[in-house]
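Enquirer: Protein chains in written order, with numbering that gives the first Met the number 0: chain A, 0 to 229; chain B, 0 to 232; chain C, 0 to 265.
Some hints could be false.
[Stated by the list, open to error] Each pair of labels, with its calculated beta carbon distance range:
no.	chain 1	residue 1	chain 2	residue 2	range
1	A	Gly-61	C	Arg-58	50 to 60 Å
2	B	Gln-20	C	Lys-265	44 to 54 Å
3	B	Thr-220	C	Arg-58	44 to 54 Å
4	C	Asp-244	A	Leu-91	54 to 64 Å
5	A	Leu-86	C	Lys-54	27 to 37 Å
6	B	Trp-8	A	Gly-122	29 to 39 Å
7	B	Gln-20	C	Val-78	49 to 59 Å
8	A	Leu-91	C	His-229	41 to 51 Å
9	A	Ser-120	C	Lys-160	52 to 62 Å
10	B	Leu-45	C	His-229	29 to 39 Å
[Said to hold, decoys possible] Computed list of lysine-lysine pairs in DSSO-like fashion (alpha-carbon distance at most 27 Å, straight line):
no.	chain 1	residue 1	chain 2	residue 2
11	B	Lys-7	B	Lys-215
12	A	Lys-123	B	Lys-27
13	C	Lys-208	B	Lys-7
14	B	Lys-7	C	Lys-265
15	B	Lys-27	C	Lys-135
16	B	Lys-7	C	Lys-161
Just so you know, the hints here were simulated from the structure itself, not pulled from any lab data. For glycine and all other residues, C-beta sits at the position ideal for the given N, C-alpha and C.
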Amino acid sequence: MSWLNDLYNFRIVGQYLNVFIDGMITTIWLSFACLILSFFFGIFIALMRMSPIGFVWRIAAGYIQVIRSTPLLIQIYLIYYGLPALLPFGNLFDETQTAIIALTLHTTPYMGEIIRTGILSIGKGQKEGAMSVGFSPFQNMYHIILPQAIANITPPLIGQTAILIKDTALFSIIAVPELMGAGLTMFSETVIATESYVTTGICYLLIYVLTLILSGFAQNRLGGAAWRSN
Amino acid sequence: MMDVIFAKWHVTISLMPFLLQGLLMTFKVSIFAITLGSTLGFVLGLLRTLGYRSLTGIIGLYLHIFRGSPYLVQLYIIYFVLPSLGIEFLNFDSFTAAIISLSLYTSSYVTEITTAAIYAVPKGQEEGARSCGMSKAEALFYVVLPQSLKMMIPPMASIYVVIIKSTAILSVIGISELTRQGEVAILRMPGDIMFVYCLIAVMYFIYCYPVLRFAKWAEGTFGSIGSVQDQES
Amino acid sequence: MASIKRMTLLTAVVLSMFFMASVALAESTMQKIVKSGELIVAVQTQGPPVSFVNKDGKRTGLVIDIMEMMAADMGVKLVLQDYDWKGLIPSLSSGKADIIAADMTPSAKRHMQVIFTEPVFFAENIVYALKTKGFKSWKDVNKAGVTVGATQASSYASVAKKFLTEAKLKEYAGGNPQTFQAIVAGRVDAGVSDRASVAGLISQNSDVKVLEGTVNKEPLGFAVRPDSLHLLHALNNYMRLIRHDGRLGKLVDYWWNSTEWEADHK
Numbered sequence: 000m001s002w003l004n005d006l007y008n009f010r011i012v013g014q015y016l017n018v019f020i021d022g023m024i025t026t027i028w029l030s031f032a033c034l035i036l037s038f039f040f041g042i043f044i045a046l047m048r049m050s051p052i053g054f055v056w057r058i059a060a061g062y063i064q065v066i067r068s069t070p071l072l073i074q075i076y077l078i079y080y081g082l083p084a085l086l087p088f089g090n091l092f093d094e095t096q097t098a099i100i101a102l103t104l105h106t107t108p109y110m111g112e113i114i115r116t117g118i119l120s121i122g123k124g125q126k127e128g129a130m131s132v133g134f135s136p137f138q139n140m141y142h143i144i145l146p147q148a149i150a151n152i153t154p155p156l157i158g159q160t161a162i163l164i165k166d167t168a169l170f171s172i173i174a175v176p177e178l179m180g181a182g183l184t185m186f187s188e189t190v191i192a193t194e195s196y197v198t199t200g201i202c203y204l205l206i207y208v209l210t211l212i213l214s215g216f217a218q219n220r221l222g223g224a225a226w227r228s229n
Numbered sequence: 000m001m002d003v004i005f006a007k008w009h010v011t012i013s014l015m016p017f018l019l020q021g022l023l024m025t026f027k028v029s030i031f032a033i034t035l036g037s038t039l040g041f042v043l044g045l046l047r048t049l050g051y052r053s054l055t056g057i058i059g060l061y062l063h064i065f066r067g068s069p070y071l072v073q074l075y076i077i078y079f080v081l082p083s084l085g086i087e088f089l090n091f092d093s094f095t096a097a098i099i100s101l102s103l104y105t106s107s108y109v110t111e112i113t114t115a116a117i118y119a120v121p122k123g124q125e126e127g128a129r130s131c132g133m134s135k136a137e138a139l140f141y142v143v144l145p146q147s148l149k150m151m152i153p154p155m156a157s158i159y160v161v162i163i164k165s166t167a168i169l170s171v172i173g174i175s176e177l178t179r180q181g182e183v184a185i186l187r188m189p190g191d192i193m194f195v196y197c198l199i200a201v202m203y204f205i206y207c208y209p210v211l212r213f214a215k216w217a218e219g220t221f222g223s224i225g226s227v228q229d230q231e232s
Numbered sequence: 000m001a002s003i004k005r006m007t008l009l010t011a012v013v014l015s016m017f018f019m020a021s022v023a024l025a026e027s028t029m030q031k032i033v034k035s036g037e038l039i040v041a042v043q044t045q046g047p048p049v050s051f052v053n054k055d056g057k058r059t060g061l062v063i064d065i066m067e068m069m070a071a072d073m074g075v076k077l078v079l080q081d082y083d084w085k086g087l088i089p090s091l092s093s094g095k096a097d098i099i100a101a102d103m104t105p106s107a108k109r110h111m112q113v114i115f116t117e118p119v120f121f122a123e124n125i126v127y128a129l130k131t132k133g134f135k136s137w138k139d140v141n142k143a144g145v146t147v148g149a150t151q152a153s154s155y156a157s158v159a160k161k162f163l164t165e166a167k168l169k170e171y172a173g174g175n176p177q178t179f180q181a182i183v184a185g186r187v188d189a190g191v192s193d194r195a196s197v198a199g200l201i202s203q204n205s206d207v208k209v210l211e212g213t214v215n216k217e218p219l220g221f222a223v224r225p226d227s228l229h230l231l232h233a234l235n236n237y238m239r240l241i242r243h244d245g246r247l248g249k250l251v252d253y254w255w256n257s258t259e260w261e262a263d264h265k
């Protein structure tokens, strides 16, 4: 096995194992928090974007365009350093909270656009049917449209989740010790590039595989046969 | 008040040449990567729909690896880890490494889009073409692909914006793109850090916004297969 | 199941390809430099006064001047390659550059990968904070409830861990300007850095001051690949040469021990 040790030194990686595990846990829970938040805000943005009122959909559209046209790195910096200067209570949020706010703000437009495509994919007949049995617009959205829409868009949602997980790698610029930070710490101390970065890559792939497995369960529960025939 | 505006104006003027140079580099790298990556992704996506099981499996593995790990890690492995293997042709200079890694990253998304767009053309189209006496290849090139190409335009434009923004990471291997030029400027004028970051954001906006508008327009004109990051089923 | 088998096979093929590729190093780094007439140096743009881009868009700084002088004396062309901090040592190990010329601390773990020259100059690590925070000496910062910022995984962070054990450390991946901004924005109470780097930052913002006292002093050296022994000795020899003929002292005084350079380059 010594040739394998030449390629990848397990002994040194072993010294940083707990740093990587801590980083992975942080990455997972931060991603999860941002996923839940951006999904719910995404529904609001999607509904705003489809609103017939010009004022409302224009605000949503402007927000979507601005966020999508600028890099996340810059957005994180502007929120972290700029918020305390603009708002008196800006310093209330610590690094972790700021990171969650920034990534949620960044992911919401993408989620919103995916959810909007999902809602648009539901036939008009569904809505008319719901209205004719006396559903309110809210009941119609909540019980009829959204469940079907979400089942239809699970694949792009999973794709966006994979991107979101990778986006958390930028958090180390505002001192949140996540997985990429763990890799950078190991690299900076030992300066062994191969082990530091390959290990980081493997950890991200592990999280990605975990996401795929979980989403497999979710797809079966949500859509079942109807989703597959799509 | 006027003083502040004058000071910021002065900063803007003295930084503009550097930032424009950075924007040009961002433009150059992203155009190369988008062209190469789209070509590779299109071919892979096409191959994936042909139904050879081992080929589909290998392409699937490729996609998962590129989509499951951050681009920074991929860039590192291509630029720094591959040369340590001692194979001469894997020893890229930084510009080549940037373009190769970014093209591979782009291709992983374009493959998904191509596959999804081909599957989005109703089966009846191909069956109809075949029943008119076209071969499988003819049916693909004359009937299926023209329809799917149209549907690919909007999601491709969104992916291009993602790729343009990914170039910000290239500074680690010494490519002086927009973010890098901005950060070098910050070292000279650390007092204006927020203002410089705002300027950088504006420059990215100027480049990306027209692409997004184009996506919007294309979606209205050509229709769409739905969302951008369609996962393989 | 079939797909797992296929992937295992594929992985095995790729791994064996890597395994079979053997490393063949024929000539020494110095022979390569003599032959090609080019000295390839990896630098980082960490900011004044070590290495930065001045108002005319030209790369300059203390280490750049030293390397330019050496290349000129050797009669070879100096090729500077700019990397992020994270790219410096990999660029050397993978053979993209011959020398790293940066303000790098020769730590025990680092010298397991590269060889460092004798110290070229010394850094004085200090603590800085907003004047309104009311700290006097750096020792005032070392108590519970105080937060300090430093560049992630840098020698500043190690200094903070070693000497400011009571305070809470936040590590910023960006670098000195980003840590400085975190202090100005009130995100942390104080920062750890070296005296020369902070001097440039403070001249822009008079609300911040350097606290009294030096936390510790660290040697900084250049680095080469472990097999470049000829080049290492040549560098050490050159440093001795310019230290004794006074040229190094002059450069260090201009860039490192004063802010004279600001008039010419800012």
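Enquirer: Look at each hint and say if it fits the structure.
Expert: Hint by hint, here is what the structure shows:
Range check, Gly-61(A) to Arg-58(C): about 40 Å between beta-carbon atoms, so the 50 to 60 Å window is missed. Separated by about 20 Å at the C-beta atoms, Gln-20(B) and Lys-265(C) break the suggested range of 44 to 54 Å. Our hint of 44 to 54 Å for Thr-220(B) and Arg-58(C) holds, since their Cβ atoms are close to 48 Å apart. Checking the proposed 54 to 64 Å range against Asp-244(C) and Leu-91(A) shows it holds: the Cβ atoms sit about 58 Å from each other.
The beta-carbon spacing between Leu-86(A) and Lys-54(C), approximately 35 Å, falls within the hinted interval of 27 to 37 Å. For Trp-8(B) and Gly-122(A), the hinted distance range of 29 to 39 Å is not satisfied, since their beta carbons lie about 55 Å from each other. Judged by the Cβ atoms, the range 49 to 59 Å given for Gln-20(B) and Val-78(C) is violated: they are separated by roughly 20 Å. Range check, Leu-91(A) to His-229(C): about 59 Å between beta-carbon atoms, so the 41 to 51 Å window is missed.
Taken as a hint, the range 52 to 62 Å holds for the pair Ser-120(A) and Lys-160(C), whose Cβ atoms sit roughly 54 Å apart. A hinted range of 29 to 39 Å is violated for the C-beta pair Leu-45(B) and His-229(C), which are about 54 Å apart. Only pairs whose Cα atoms come within 27 Å are accepted, and Lys-7(B) paired with Lys-215(B) is rejected, the gap being roughly 34 Å. Between the alpha carbons of Lys-123(A) and Lys-27(B) the distance comes to roughly 45 Å, so the proposed pair goes past 27 Å and is violated.
Taking the CA atoms of Lys-208(C) and Lys-7(B), the gap is about 24 Å. The hint holds against a cut of 27 Å. Restraint check for Lys-7(B) and Lys-265(C): satisfied, since their Cα atoms lie roughly 17 Å apart, inside the 27 Å limit. Of the pairs offered as hints, the one joining Lys-27(B) and Lys-135(C) is violated, with about 51 Å between alpha carbons and a cut-off of 27 Å exceeded. A hinted pair counts as satisfied when its Cα atoms are at most 27 Å apart, and Lys-7(B) with Lys-161(C) does not qualify at roughly 41 Å.
Violation of the numbered hints given earlier is confined to hints 1, 2, 6, 7, 8, 10, 11, 12, 15, 16; the remaining hints are satisfied by the structure.
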